[in-house]
Every structure is written in structure tokens, then in C-alpha cells.
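Protein chains in written order, with the working numbering: chain L, 1 to 175; chain H, 1 to 1571.
Think of the hints as simulated: they come from the structure by calculation, not from any bench. Just so you know, nobody snuck in bad clues.
Ranges between beta-carbon positions, derived for each pair:
id, chain 1, residue 1, chain 2, residue 2, range
1, L, G38, H, K1232, 43 to 49 Å
2, L, H106, H, E870, 28 to 34 Å
3, L, G38, H, H1066, 52 to 58 Å
Cβ atoms here follow ideal geometry from the backbone N, Cα and C, with glycine treated the same way.
Chain by chain, the residues run as shown.
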Amino acid sequence: MAEVHIIGNLDGGEGFSSPNLSCKWCFETGGAWRLLEGVKDGQTQVDHPIDEGRAHWAHPIDLHYAIKGIQGWPKVSLQVFSEDIYGRTQLVGYGFVHLPTSPGFHEIECPTWQLAGTALDQVQSYFVGNGPQLINDDVIASGSDRYRLQTIASGTVYLSLYIVTRNFNKFGIES
Amino acid sequence: MIEVQRSEPEQLSLKQQIAQRRRDLNVTTDTIASESALREREILEDSLSKSRSLESSKLVSSMMQRRQMRKQTLDQSLGKSLRTEGGIPSIPTINVEDQDLDKSQLKPLSSSVNLSASIRDRLKDRAKIQQDSAMQKEPVRKLRGLRNRDLQTRFDIESEDSGPPEERPAGDDEITEDHTESANQSTTSLRWKMMAKRGKIAEEPEEKIDEYSFFTKVYEPVGSHEKQPKKSTLILPEVDDTNFAQYDSLYVITKPEVVNRDASLRLFIPTAAPAETVTLHGGAPCFLDDEGIYVGEPPGVNSSNWNKMEQRLVQTEGGKKWFGIDGNMIVAPDPLKQISSRPMIDFEVDHTIQRKGKCISLTQTGKFIGESSVNQLSVNISQVQFSHHPLFSKEHVLVSRLRDLYAQYTSRQRHNLASHLGDRLQSLRNAVQELKYTLGAKPWDMSKPFNKDCVANLEDYSEEIRNVREMWDIECLKDKNMIRNILTVWKEIKSLRESQGFIATNAKILVYKEQTNFAKEDKVWQKQIKSTFEEKKEELVAEYDVKMKIHANEMAEWKMQAREIKRKMKSDKKKDAAAAEEREETENTGVLPPKPVAPAKPQTSSLLNEIQNNAVKCRKVPGDPILTIELTHTVTITPIEECPPTEQKRRKDIVKSSYYGKLFYNNSEVTRTPNVNLTSDFSLSFGETACLQVVHWPESIKFELWGVSEKLSEIFLVIPPNDRHTGNAELDSLEFSSSHKVTYPNSTAVGSGVPETAEGRILLTSGKLVGSTAWVKDSSGKILAPARQDIAASFGRADPIHSIGARSLNDMEKVIQWISEAKLDPNDPRNAPLLHLMNKTRKDAPSESKYFRLDHLEKSTYFVSNEEMENDRRFRLLSLRSQGVPEYKPMKMVPLYSSEVTHFEYTQTEREEKVSLKEEGDVFEHHRAAVVRFMKEIQEKIASRSRKVRPVLELSDVVVEDQVPDISTLGRSIAKLLEPRHPLRPQRKERKKVTNQAVGISKVDLLINVSQAQCLPIRRRTAGTEQRINLDPNTARSTIQLRPFVEVTFQRKSVVTHVADGPNPHWNQELVLPLNVINNEFSANNLREISDIVYFNVFDELIVDILQDDRLRDTNIHQRLERRWLGSFQIPFSTIYLNSRIEGKFKLNVPSTLMGYNKDHGLLPQFSSEMLMSQTSLTGQSLTDKNSYLTIFITVEPPLAPQPPLREVFETNEEPRLIRAAAAWELLYNGKYGARNVRSLVTDVNGKSVFITRYISPQNPPHDLVPEDRTSRTNLTVLQKIAKFVSLIPYYQDSIAFSGSCDIWATSELFLKMLAGDEEEHAILLCNYFLHMGIDSYIIKGVGIPEGETCYVLTKLPEGTVLWNPSTGDYHPQSRPYHSLVSVHFCFNNENIWANTQLYDDPGRLDFNFGNSKSWKPFFSGRENPRLSTVQISRLDYIETNLSAIQTLESNLEKMLMDKMMEWRERHVTRWNRHCRVVMRQLLPRLEAGTLSEEDQTSAMSEIMSSHNVTGFPINMRYSDASTIIETVFSTNVHVAEDPQVEFAMAVYIHPYANNVLSVWIYVGTLTKKY
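Next comes chain L alone, as it looks inside the complex (with noise of 0.2 Å):
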């Protein structure tokens, strides 16, 4: 029985509008994984840099699957938030990345977006803050509803990860 361990870390995030962030993760596979031990989604803490450059969650993942078949490979699907002075979180970027299918250490780099939003939008939260955002999350990760949004680059959300791959070749898989 194949399975796949996927240990490590969300370590930061930057280039977002400002430094002091969080991160909401959550872990979407396919119907045929199955989660053996570990939690698949979470959120970190605020973290507020000192040097103001790059957060630093930090934020540890561990998780166990077990597969019957390897559709469905995980991807991680992030919302990073950002807290202003004031002690209020406003959403700063979506973006999710597929993780990497060969076993080992893996940085990996996650892009976000942020919705544009009406130019009314723009100029509310220019001044309020607060952008729009997606009613159902799970228009991150799929991609079929994704085409209609008009979106913004917003930062970079870095992960650290190791895949542990187990009883693949007995499955003709070569990892």
C-alpha cells in the first residue's frame, strides 16, 4: 500500500502589501488519498517582522496519506492575510501550488493574487481596506471558475517540504 508522508514546513511570506501576515493552508487532494494521521489545514500566526521584509510562520505540517491511486496529488491552497495597525486582518492574496511529486526536500515558491475588484472596489479599500473576496474557497484550487476573476499579483508565500514516498515501486510508480 502506497503511501506518502509530506513533512515540513510554511515558512513565510513576502512582498505583500505589508509584512505583518498570516496564513490560512489547507491541503486538497484527490478522492483517491486518504488522510491517515496529521491535520490537513490550519492557519499560522501573525507574524510581525522586525526588519519588515519577510514573515515568518514557521508553521509546521505533517501529514500522512495513504493512496489508492495518484490522481488527485496534493495541492496546497493558501490565503494570507495581512493585520494592520489597527489590529484588523484584511485578505491579501490567494494562491495555491501543487506540491512537488518526487520525493525529497522541496522549497517551493507559491505566487499569490489578490481580486482586483470594481474600480469602486479599488477605491474603497484604498481608503477602508478590505478588498472583496471569494465567497467559496474552493475557487483557488479549481480552476473552473477561476477564468472569471480579474486578479492582482500580490506576493509570494514560501513553503519548505519533504515528501516521503513509501511502497510506490511495488506499485510501478517510478519516484
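On the provided structure of chain L, position chain H as indicated by the hints.
Relative to chain L, chain H alone:
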């Protein structure tokens, strides 16, 4: 182009004239411009103006000639186009013979030219203007030169319009003044151009201006002629050659930009003038879109470009093929889409993006509109009109029929289909004639070869004519019949009125006759007949021709056959007659078929007659007056007193009958109208407008019309579309009918639903409702309609239904059906979406799947099946571990391979259960299993609930942060310096609470401070002991009463205090016990689940001298320490954990008889004589407090603060009002009085909140506990017995069972069934029993020792207030100083709850008078007490306890205990004294009965005691399971008897009570032989 060529000579002459003049003038204008000599110019112009009149007349006349010709051709072509159009008779548009240049005649033309944006429009205008003019103008086939001609005519006209040039003021600004009428051109630009032209002209020799360019110059003004007619006014003076200076300048302006400088090049420069109309076949243009064929909108092209293109094409060789049959260039329809296909961003965004503050509506369920919008629907019920009513008289029936007919008649009149068809027929006929004429053939000559298309057209026309003629006939006949019917019905009414002798209705028919001119009509008539006749004849001829052709074919065939047969016959004859039969056969076969009969020649003789008859039948015969009918209501109705009684009755009934309406929105009634009386004209005027604020989507709006008692009918009103608001809503009339039967005997009323006598028709009540529905428009103009996401919206902007303007269509199927029925033009791109929709639905319909699966192939890619995955042991183990199943949770390591997971058991929990049951050999096995199962069920239920309400971590739970010292803390620390170092009454410091236990705790200790004990039993002075003890020189002088010490056992580990002295010892010793947790994980869940108990045992240490040899006594000490159990008590760890610390005086459970010890040790220092007095009075016996107490303090280090109990809101069946009141009441008193908590709602086993008083209700105790005698029921001993029974019911801590999340309150019935419950269940049962006994009793909720939060029962007996501990059965008079209940929070009974608002909360100091509102605050104050019904059942049934089972249990238990005892004494031999056991067994039932005094006991035991030193005690406890009993016996340490000679005695007795409640007595003793 013939036309153009022909006109050329004239143009040339005109041109020459103009050119001549210009040449003359050139000089003068130049000089004027250069010298600007006004004066000179004036003079010159004066002279010019004199000659102007003369010359202009010349010019005009020549131009008029040309114009006439052009007009002629124009009119002819117009006529042609009209005729081909078919609808309008061909009329020459302009009276050509008109020679005078009359303004009025010309104006129409000019206006029509102005209007002529499209040819069609122009034609229609013409037709309107001159409909009456003659139509027999002989059409001359000419090419259409419409646009060119227009231009020329316009010159003339507008020169007339602008008035004679002489009248204009002469001067320098003349040019500008002329231009005042011009639309857009500025004078400066004109001047500039003028100057430029002048220069050009001056430079160029006049000869260079060749003929052609001149031609173009004259005819083409700048810009489009058609679109900017006003510009032509600019040109007027140039044509009018009287003002040459002006002319010249203007001429230059209008010259085309491109001047053909080099005449020799002979380039063709197209001008912006419209070209000649060219058709493909040179025939008259016809217009496809008028024939119903989709042509499409041409793309927008500047008309000058258009014209240039046309001109260019006309000029080129073979360019005509670019022109369509309508005479225009062939143009592809506008390729641009009307709809922008780029998705609108805001529309798309709304589906996926949420903006802050946007309310997400609940429309997903389809019912609710959403809360954000206010939607108001206005329903207007104006009136109801009956078209039939039971109270109609016969006359009314007729009148209503008449009214119907009249309505039909008026609608027919309005549409006037007959005359329309007549017109159409006429125009078709004209078109046919025209066609025939253009083909150049005589009407009936069909032999000549024709153009195929024309013949086909002709056939089409004649076919259409036939159809139209037939339709016309039918319509005419209908019209005629209509009038006839109306008149018949009217006659009937009149005769009815006469026969019945009164008039019931006011209807009256007026017939207007209009006399007509016979001659004129006859002419038309005859013509009509003639043309019909001719057509019919033609049709017959055509038919005949066809038939003849067929006939000819048949004939040819027949002839062939005949020839064949003849030849055969000939050959047959040659053959011999051998085969006669054969020949016969051949002859048979060879018989000629009958000769085809030639079709008869069409008979035209009768045809004319037929036609005439038909015409007479259908149409109005010439000379007949035209009848017009009008329905009026002018007849006076006969007054009621003149009517016969039957009619009078009917009229009275009308007055009596009244109706009202109910309005339903989505099938729920929203309003009803007041009663409305039926008026005499059978209408109900409601005039009601209901304004509904709408929350649900409108599904139906229904109006029900009700008679006095019965529903007449229901009418569904239209659900208004979103854009229909009160401003634009029109009144609809909706028809309804009702099938109910009504008859009115002895009345003229015809009734309803009964067959009408005359015609056998059944008349049903019917009518129509006039009303409207619309959305309300608010003051800001916003329509308060829900933003509906219907199909239209779901399709978005490119929605086919939306695009045709229909909105709010919900029924797709109907739409599709409509599309398929409507026969839409497939060529029209506007229909494309609809057709696409239709195709799509057709395609989709059969294979419409209900779901969509993206990954239906995914399964095929699996390399492991689901079952295999599920059955993998390793995976199962892993997931069980991650789920936190208790057995697997502590597993640190999981094998790497499935094969290594060997001891894997899924059903481990079940197995454990079974094993434990077997061990005990319990007869109550089944019962216990049931209880366990039930508890599990509830546990799961509650757990699933509490999981939803996960406690939210606060910052303090995660972050340990020391408070920054501020002024107050600083002040406190300074104040600390002033405090006494060693206070007399030291207070314990409040420790800081640690909320999250998981962080950094590796070791948890239980800290127990054993302070002191009181009233311990003292040793009985027996001879032996004294003797021995006296040997001890230290103790010889005083009587040693006791050497007590305390042993604390927890998790099988024990610690002891040092040995103190006396019955009231002080230890003041702190004991530490480690806490072991599963998996060494100090999480809240783990800690909560610890079910271990802390045992406190007080022993008396006895020094036994075992020095055998007295001689050695001086030198040796050989003693043995023996411990004698004095008493014990226990605290579950969960109590310590939940309370975080426990402090107080605990009552020791000292057995009633403790052999060798005496409880009576004189007067205790604590009790005053008064207290004793009060006790005596209460119990009626002289009892001192024999209880022993132990003062301890227990806590956990580090401090583990439990999670606060979940205050979750469970669902409830209580009234919301009560819930609100409860919340308010709790809020009012909670926290106000220290730690006191009030509660009014508790959770029952179903997880629902129940009001607390509902649990209290009188319930019957087991009958053997209740004395028959009513008076003795309140006897304290009886109550004590009941309390004992209750206390014997096993105890089961909820907080352990339900993870401390909440306390479950079970009903007494369930409690007795399950035999498990905690304090509140016991208390409720006890309280209910007491109430049954007629005792005023309450439940106290408060804090007790050691349970923590607990329930006590308070009874108000005549002797005084008594508190009962329901779980032990003890009772305390309120006046007793030491209570195990330390504080009272609130009390309740079946009626009310009282919160304790007194200063103190310990029961000894409380005033239990609940009527005192200062001390107690009731929940229901005074009269508003609703006396809530109870959840308890009124009568409890008790099952009889099985005695034989009890006996088995008894012996089993005894055996088990004896085995255990031997097990515990593994290093020693355990001997059992049978004799003692027998004696003990005899004693036990008496102990249970409470009839055994100490003296009795000693006397019973005296025999044994004489030979043995006996120590021993009876233990009484409830029976829950064997292990508890074993544990209790173990904790007494009886087995620790080191004496090798020791013998043991053990007796077990179980006293059964009802319902399997057992009282277990165990008597344990040790015997040592006396020496």
C-alpha cells in the same frame, strides 16, 4: 442610363448657359473682391437684377421641361415598385400633367424626398398622400432614377421656397445672409473656399473645365442630399442665374474636391450623388424584406460613400451583378453583434466574490428572498364582473350573450380583417397585371417563352390570390353573420321582454344605416366579379392543362400497351392452337385497359353565376346600406313594484347577496376584503389594494371569491415581473368560473349549473376579475422587487429569452415549446440564441443526466481497491490512533508493516467489558451491560454536541505572561511588609491558575495536608491489652486511648502521616502523592478521565509486644506494630480536579461497631449543652454526635484549573419566554454573591434544556418502606429508611461519564432503571419520596464536602429543619455545627426556585423561610407562577428483587473476598475461623435492621472473645460492582496482620430492597488466641 443620356443634351444647354454667364461674371466678382468697392458692386448688381427676371424665366422654363420628364419617369418607376410590392394600388405619385409650378403640389414631393431615407418609407408616404387618385395610369417600364431626379426637382422647388432673389437685401453680407438657412456651414469656411476657388479659376483657363466635370458640378452639391436637404438651399442661387456673382461663388463651393484638371486623362470621378437604381434583370426592384424574407440590417455606411460605390459599379463593365433585385447593392448584413460578448466584470464577480457588508441571501433554498431587501407587493382587486350569475334572469342570459357578441363585433370592427384582405387582394391583382405587362405578353398568351422567374412569380401570385380571395370571402361572411347573430339575439331579447311583461336589463341595440351610392359600388362590384371570374377561369384552364398533360401521358402509355397487345395477338395467331388455354390466358392478360378518358373542358358558363352567388352570400350587395351596430344601456328597467312576484324575488335576492374575497400569497391567507353587495348589473366593486411585504419568493398570488358561506371560485393573479411597479401596472382582467349548482325556484333567476331549459346548455357562474399586481415603488423611485435570479439571469446577458425581451420566464419547457411552435426565421441572427437553445434542449433531453462526474475514470487508475485499503491493519491502527480512540491513543509506535500488527483487535473495548463481567460472576451482568451501553449512548450524544461548541482558547491559555507591576500591585506588596509574619489565622494564598495543562507539565503531585481529626473512637480497655500496654513504662502512667495516623492511598500508592496521640489528634503534615496519567499527557481530556479515588484511612497504631521470653525484656524490645482500622472516607480525583482544591472537615465513615473500640468517650468539648438539647428534641433520642471528623486540605501541584463547564445553549422544548426569563434571572444573581451560582435550566438525557422545577413531583417510594399508618409517615425513622434506600442506589459521577462537559439530569424513572446517578438524581428521588409522604421538602443546590457542587434535600419537619445528604442517607439537623454541606446557592421545589441572597451561605446560619424576600429571591414572584408540569411520571413501578439471585451473589461475593484476602496475604497462611463467621452472619441482618445494640453484639461475641482477642468491624455499602467492595475491604488493611497465629473471619450479607437495590454488609474480623 438611358435616362441620363437622354437628358444630356438639355443639361448641356443649361450648362452652356451657366458657363457663359460665369465667364462674364468672373471679372466682376474678382474686382469686387479685390477692390471691395461697395458702391460699384451695388450698382452692378442693380443692373444685373434687372435682367434677372427675364433670364430666370427662360431658365426656369427650360428646367421645367426637364423636370417634367424626370418626374414622369420617376412616377412610373414608383408606380412599378408599388405594384410589385403588392399591398398598395399603383398610383403615380405626382400628378405629372400639372404644369404650373405650384408650391402646394411640389411640396409633398420635396418632403417625400427629404424623408426618403429608405425607398420603402418613401413609397408608403406617397401611397398615403395619393390614395384616392386615379390608378389607370398606363405604366411605362423605365429604369428608376429616383435619386437623380429628386435632386433636380428639389432645385426648382426650393428656389421657389426661398422666394425670389430680388427680395433679398443686396450688399456685402449677401452671401452670408443667404446662408442663414444652412445648417452647419460657417461663413468663414465658405469664404475661404470661395477665395480658393476664385484663385483656382483665375489660374485655369476656362476651356479646361470640360463637359463632364461641369455635369458633375451642377448636379452634385456637397455632402449627402438625402440626409441634409437643407444644404441644397445653398445651391439655389447658383441655379437661379440671376445673381451671377453669388452664383459663381456658390458654384465654386459645391464643386467636387477632385477636379479633373487634365481633361485628356478622362478619369471617372464618382460623386456622392445617388446612382441609378439597377436591378439584376433590368426589371422593377422588389423588396425581399417586404415579402417576409429576412434581409438583415446593412452596416452603417456613409451615404456618400455608398453612392460613390454605386456609381462606380454602374460605370464598370458587368457591375450590375453587384446589385440585388431590390436595386441596391448586395450587402451582407451587419456582421457586428449587438451584444457585447465580453463578460461584464461586475456581473461575473458577483457570483464568486463577496464584498464587505454584502448580505448573503438565503435564496439557495429557493424560498427566501433575503433579509437585506424590503420587498413590497401591491395587489389591487378592483372589481369582479359576472358574465353569468345564478341570479341572472333569462333576459340577463341573453344580454350577456349579446354583450359577448358585441365585444366580438367591436373587436372585428377594430381589426377590420375583411377590408384589409380586400386591399391585399386588389394589390396582388395589380401586381400580377404589372408582371404580365412587364413580360411584354398579352394576359392570356402563355405560349411565348418567358423568363422563368417571372413565370414562377406569376404562379406564386396567382396561388396567393386564390388563398387571399378565399380568406376574404370567409371573413366577409363572418362579418355578415356576426351582425345577423347580434340582431337575432336582440330580437329574442325584445320578444322576451314583451312576453314576460317587464324589462330586467338596460341593454339596447342601435343599428345605424349608411346609404351608399349604388352606381359607384356596382362598378367596383362588377370589377371584382370580373377579375374573380377571370382568375377562376385561368385557374380552371391551368388545371385543365395539367390534366390534359396527364391525360396525354396516359394516352401514350395506353397506346403503347395497345400496340403491344396487338403484336402479341398477331404472334399468337401464327402459333398453333395447341396452347389454347395459354392463349386464353394471354388474351386475358392482353385485354386492353379502358381507354383513358380525356378531361372535360372547363365549364365557364356556370362559373360566373357561382361567383356572383358567392359574392352575394358573403359580401354586401351594392346599394345595400352599411349597417353599424351599437350597444347602449339606455332602456329603463321596469321598477320592482310593477314586476311579477317571481321577478321581485329575484331582485330581492340580488340585493341580499354579498361577497367577499380572500387574498392568498403562496397559499397563505394574507388579507380579506370587506363584504361587498352585488350590484344590479352583477358586478362587485371591491376597490381594495393590499400592500404585502414579502419575504418569500412569490409562487402564487390567489384571490378567492367567497359568497356568504361558500367559496365561489379562486383566481390566480399574475406574479408581476420585476419591472412592473405600481406606476406602470395595468389592470388585468382574469376570467373565472365556478361549477357549483344553484337554483332559485319561484324566481325568474335561472340559477347556475343547471341546464337551461330552452337550449340544453348548462350555464355556470362565471365572470372576470379586474385587478392588478405590481411591486411597490418607493419614494426614491426604487422598485421594491426582489432581485430575482431567474432563468434570464442564469443565462446572463446573452440569454436568448432575455434578448427577445421576455423576462421572468421560469418554465423552460414552455419556452422551448413556444420556440418550436413559433416557426422563427432561422436566418435572422436575432433568433440564433433561441434556436440554439432549442437545439440544445432537444439534444440534451434524452440523455440528461442528473449529476456530473468529473473523475469518472479515476477509479480505473486505482492500484489498490477500496476494500484492501480499508482492511489494512496498519492503516486502521494509524487512523484509530489519530482519531484518539482511548486504547490506541497512547501508542507511540506503530509497526512499519501490516504483517507486524498482530495483536490488533478492533473490538478490544467490548472484550474488556465481557471479561470484567465474567470475573464477577454477577447476576446483574445484563443489567450492568445495559447501563454501560446506555451511558455510552448518552456520552456520544453529548460529546457530539459539545464538539460543536469547542472552547475557544484565549491568549492566557496559550501565553504565560507575568503581569506588569503597576501601582496597585506595588501598593499591595508594600502592604505585605506590614502584615504580621505569623498570623494567628493564616489564610491560604490564592495560587495563579494554569489553564493549559499541556504546556510544560511533566509531573503533577497531589498535595494533601492532613491537619487534625476529631472524635476518633478510643480503645476499649480490655484486660489483655492493658496488661500488655502497661508493660510499656512510658505509657503505664496514663491510659493510652489511641495512637492514630492517617494513610492516604491513591492509585495504589500510599503515604502515611506520623502517629499522633489521642482521640483528637493534630498532625499538620503535608503528604505528597504523584499523579499518574495515561500516556503521561496532562491534557484536560486525560485528566478529566481519571476515575481513581483518593482513600483516606485512619488507623490506630498498636504496639504488640511479641517478646516471647520475659527474661529478655530488659534487654530486648521485640514489638510488632499493628494497625487497626478506625474509619475512612474517599474523594474521587475528579472532584479534586474540578474543584482544584478541597478543604474542610470531612466526616469519617466509622463502622457502627468497631470491636475493641469505644465511641462513647465522654463529653466532647465542641458540644455545648444547648446543642445537645436541641438534638434530643429533634430525634427523640439521647444521641450525641458520634461522628468522627478529619480536617484536610487537598490540592494539585502545579495548579490545574479545569476548563470552565460548557455553558452551551441546548435546544429546548421550553417556551422562549421562559428561556429568556431564566437567562435574565441567572444573569441577575450569578456572581453577585461570591461564588454562588443559580441555575434554572438543566440538561436532560436527550440533551435538551429542561426547567429545573419540572423534576420535582411527588413519587411513591417502594411500598414496603411506607408504613400503612398515615400519621407515622412523617416519623424520622421512616424517613431515614427511605433516605437509606435512596443512598443505596449506586453512584455514578456524570462529570466522569460525560467528560465534565455538562451535568445530565435524569428522571427518577430512568435513575431507578439504570441504578446509576449522581447527587442530583439521588436528591430528586429523595425529595420526591418525601413529597409523597406529605413533607414539605426542597432541594438545595450548593457546595458540599467532599463532592464539591452537590444537592441536598431540605425537609421542614415539625421538629425542625433537617438536611439530608441523599448519597449517604445521613441527615443533619440544621442546628448541627458541622455540615458536610458548606454553602447553599439556591433551593428549588416543584413550584419555584429561590436564590440565596443572604450574607452567609453555610446552612447553619441560614434562614430557610423562603417567603422572606430579603433572604430568598424567587424565580416566579407571586402570582405569575405558571406551575410548570413535571417531566416525572406520577407512579413509579418497582421490580421485585430476585432473592435466589441475591443469595448466589452473596455467596459469590464472600468467596471472592476470601480469595482476595488470601491473595493479598501472599506471604502468610490465611486461616479462617468458621465459628466466628457464623456468629457474624447472625449479627449482620440485625445490624441492617438497626436493632443491634453494642451490648447485644458483645454478648453475641462473648464466647469467642473469651478465648480470642477479636478485632473487627462491619462495613455497610451499596452494591454497584464487586471491585468497589473488594477495594474497600482492601483499604481497611485487615489483611495486614502479621501475627502468625491470626485467624480471620468474614461474613457477607446482602439485604435486598426493591428494584435490585442492595445493601451489602461485610463483617471482617481478626482473631488471635488469648494466651
